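Protein chains in written order, with this note's numbering: chain A, 1 to 153; chain B, 1 to 153.
By construction, these hints were calculated from the structure, which means they are not laboratory data. As the structure is a computational prediction, the values presented were derived from the model and not from experiment. Honestly, I wouldn't trust all of these hints.
Where chains are identical, the list cannot tell them apart; a pair therefore holds if satisfied intra-copy or between any two copies.
Said to hold, decoys possible - The list that follows gives simulated cross-link-like pairs (lysine-lysine, PhoX-like), each with its CA atoms no further than 20 Å apart:
{"hint": "1", "residue 1": "Lys26", "residue 2": "Lys124"}
{"hint": "2", "residue 1": "Lys63", "residue 2": "Lys110"}
{"hint": "3", "residue 1": "Lys122", "residue 2": "Lys139"}
{"hint": "4", "residue 1": "Lys66", "residue 2": "Lys26"}
{"hint": "5", "residue 1": "Lys66", "residue 2": "Lys150"}
{"hint": "6", "residue 1": "Lys150", "residue 2": "Lys133"}
{"hint": "7", "residue 1": "Lys2", "residue 2": "Lys124"}
{"hint": "8", "residue 1": "Lys153", "residue 2": "Lys119"}
{"hint": "9", "residue 1": "Lys56", "residue 2": "Lys66"}
{"hint": "10", "residue 1": "Lys146", "residue 2": "Lys98"}
{"hint": "11", "residue 1": "Lys48", "residue 2": "Lys139"}
{"hint": "12", "residue 1": "Lys122", "residue 2": "Lys26"}
{"hint": "13", "residue 1": "Lys63", "residue 2": "Lys153"}
{"hint": "14", "residue 1": "Lys56", "residue 2": "Lys2"}
{"hint": "15", "residue 1": "Lys2", "residue 2": "Lys133"}
{"hint": "16", "residue 1": "Lys2", "residue 2": "Lys26"}
{"hint": "17", "residue 1": "Lys133", "residue 2": "Lys149"}
{"hint": "18", "residue 1": "Lys149", "residue 2": "Lys48"}
{"hint": "19", "residue 1": "Lys48", "residue 2": "Lys137"}
{"hint": "20", "residue 1": "Lys149", "residue 2": "Lys139"}
{"hint": "21", "residue 1": "Lys124", "residue 2": "Lys84"}
{"hint": "22", "residue 1": "Lys26", "residue 2": "Lys63"}
{"hint": "23", "residue 1": "Lys124", "residue 2": "Lys153"}
{"hint": "24", "residue 1": "Lys110", "residue 2": "Lys137"}
{"hint": "25", "residue 1": "Lys56", "residue 2": "Lys133"}
{"hint": "26", "residue 1": "Lys109", "residue 2": "Lys84"}
{"hint": "27", "residue 1": "Lys122", "residue 2": "Lys84"}
There are 2 protein chains.
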Amino acid sequence: MKTVMATGTFDIIHPGHGFFLEEAKKLGGDDARLIVVIARDSTVRARKRVPVVDEKQRLEVVKMLKPVDEAHLGYENDMFQIVKEINPDIIAIGPDQKFDIPQLNEDLKKRNIDTEVIKVTKYKNSPLDSSCKIISKIKNMEFDEKIFKKCLK
Amino acid sequence: MKTVMATGTFDIIHPGHGFFLEEAKKLGGDDARLIVVIARDSTVRARKRVPVVDEKQRLEVVKMLKPVDEAHLGYENDMFQIVKEINPDIIAIGPDQKFDIPQLNEDLKKRNIDTEVIKVTKYKNSPLDSSCKIISKIKNMEFDEKIFKKCLK
């Protein structure tokens, strides 16, 4: 049984998230186990933007997705610590994730972590296929203020 | 094997959605099948607000959730047509769904639909436990415009 590890922010869930995780799991064959590592709020803030949904809630949502066998928060300072603990056969990189794969392979080798890094290239198109597009759409929509009064009370 | 039907908008997914669907499925016992009906865009617009995510994408995301065996879009004009087709043993009503249950029972009886309506009362608290709270938070957050340029190009 092969263990595949995938990582990501998973801020606002869209079909591309589920598609990527399915494709990642397939890399490990029929009886693969998929473990997902969720980026910490501090990491998202440093590398991307302020996350809308906090890390605890993002973790809970990822655990609800069909391909996911386990999900954990990453560590704040050392991205390799969780890789060591999970010890995956394969690390799946998403089609839109900007890792330098030769560099990653070298960093893993340096730490004696024996894992194969594979980029998932298939991509699922949807009208809102990134958390960022969903955020941008909401920013540009007009809502009746009454709806917020009801849900925020 | 009992069939449980649950309905909803499922605009922006949060842990409460998965929790409700799990609880709904439990109502049908160990080998229950859960069929989820997603509200059409026109229905959401008429009853609630403009949905952020369109019906096709909302359907795709709901299909990715662990408790869901099947998911379908509802019909635009007759909410009972899909109930007839699915012919569920149980209809699960969410803790925050405002159905008039005696009225619903009467409407079902009038149409010779023999199903039990059960309200799920357990509720999962999260900091952002409704699509509306997530939308409101985004509306009030400040983002660097650069992040949108990248994701919208």
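Hint check results:
Taking CA atoms no more than 20 Å apart as the test, Lys26 paired with Lys124 passes inside one copy only; the shortest distance there is 15 Å, against 32 Å between copies. Neither within a single protomer nor between protomers do Lys63 and Lys110 lie at most 20 Å apart by alpha-carbon distance, with minima of 31 Å and 41 Å respectively. In the homo-oligomer, the alpha carbons of Lys122 and Lys139 never lie at most 20 Å apart, since the shortest distance is 29 Å inside one protomer and 32 Å across protomers. Taking CA atoms no more than 20 Å apart as the test, Lys66 paired with Lys26 passes in both settings, with 13 Å inside one copy and 17 Å between copies.
Within a single copy, Lys66 and Lys150 get their C-alpha atoms no closer than 32 Å, and across copies no closer than 29 Å, so neither meets the 20 Å cut-off. For the homomeric pair Lys150 and Lys133, the shortest alpha-carbon distance between copies (10 Å) is at most 20 Å, but the shortest distance inside one copy (26 Å) is not. For the homomeric pair Lys2 and Lys124, neither the shortest alpha-carbon distance inside one copy (25 Å) nor that between copies (34 Å) is at most 20 Å. Taking identical chains as interchangeable, the C-alpha atoms of Lys153 and Lys119 are never at most 20 Å apart, the minima being 45 Å within one chain and 22 Å between chains.
For a Cα distance limit of 20 Å, the shortest separation of Lys56 from Lys66 qualifies both inside one copy, at 19 Å, and across copies, at 19 Å. When the C-alpha separation of Lys146 and Lys98 is checked against a cutoff of 20 Å, the pair qualifies only between copies, where the shortest distance is 17 Å, while the shortest distance within a copy is 41 Å. In this assembly of identical chains, the alpha carbons of Lys48 and Lys139 lie at most 20 Å apart whether taken from the same copy (18 Å) or from different copies (19 Å). In the homo-oligomer, the alpha carbons of Lys122 and Lys26 lie at most 20 Å apart inside one protomer (12 Å), although the nearest pairing across protomers, at 36 Å, exceeds that limit.
For a Cα distance limit of 20 Å, the shortest separation of Lys63 from Lys153 qualifies neither inside one copy, at 28 Å, nor across copies, at 31 Å. In this assembly of identical chains, the alpha carbons of Lys56 and Lys2 never lie at most 20 Å apart, being 27 Å within a copy and 34 Å across copies at closest. Within a single copy, Lys2 and Lys133 get their C-alpha atoms no closer than 34 Å, and across copies no closer than 39 Å, so neither meets the 20 Å cut-off. With identical chains, the CA atoms of Lys2 and Lys26 are at most 20 Å apart within one copy only, with a shortest distance of 10 Å there and 31 Å across copies.
When the C-alpha separation of Lys133 and Lys149 is checked against a cutoff of 20 Å, the pair qualifies only between copies, where the shortest distance is 10 Å, while the shortest distance within a copy is 25 Å. In the homo-oligomer, the alpha carbons of Lys149 and Lys48 lie at most 20 Å apart only across protomers (13 Å), although the nearest pairing inside one protomer, at 31 Å, exceeds that limit. For the identical chains of this complex, Lys48 and Lys137 are neighbours both inside a copy (18 Å) and across copies (18 Å), given an alpha-carbon limit of 20 Å. Taking the closest pair of Cα atoms, Lys149 and Lys139 come within 20 Å of each other both inside a single copy (18 Å) and across two copies (14 Å).
Taking the shortest Cα distances, Lys124 and Lys84 never come within 20 Å of each other, neither inside one copy (30 Å) nor across copies (33 Å). In this assembly of identical chains, Lys26 and Lys63 lie within 20 Å of each other by CA distance both inside one copy and across copies; the values are 18 Å within and 18 Å between. Taking the shortest Cα distances, Lys124 and Lys153 sit within 20 Å of each other only across copies (17 Å), while inside one copy they are farther apart (37 Å). In this assembly of identical chains, Lys110 and Lys137 lie within 20 Å of each other by CA distance neither inside one copy nor across copies; the values are 43 Å within and 42 Å between.
For a Cα distance limit of 20 Å, the shortest separation of Lys56 from Lys133 across copies, 16 Å, qualifies, whereas the shortest one inside one copy, 22 Å, does not. Taking identical chains as interchangeable, the C-alpha atoms of Lys109 and Lys84 lie at most 20 Å apart only when both belong to the same chain, with a minimum of 12 Å there against 59 Å between chains. Taking the shortest alpha-carbon separations for Lys122 and Lys84, neither the intra-copy value of 27 Å nor the inter-copy value of 38 Å comes in at or below 20 Å.
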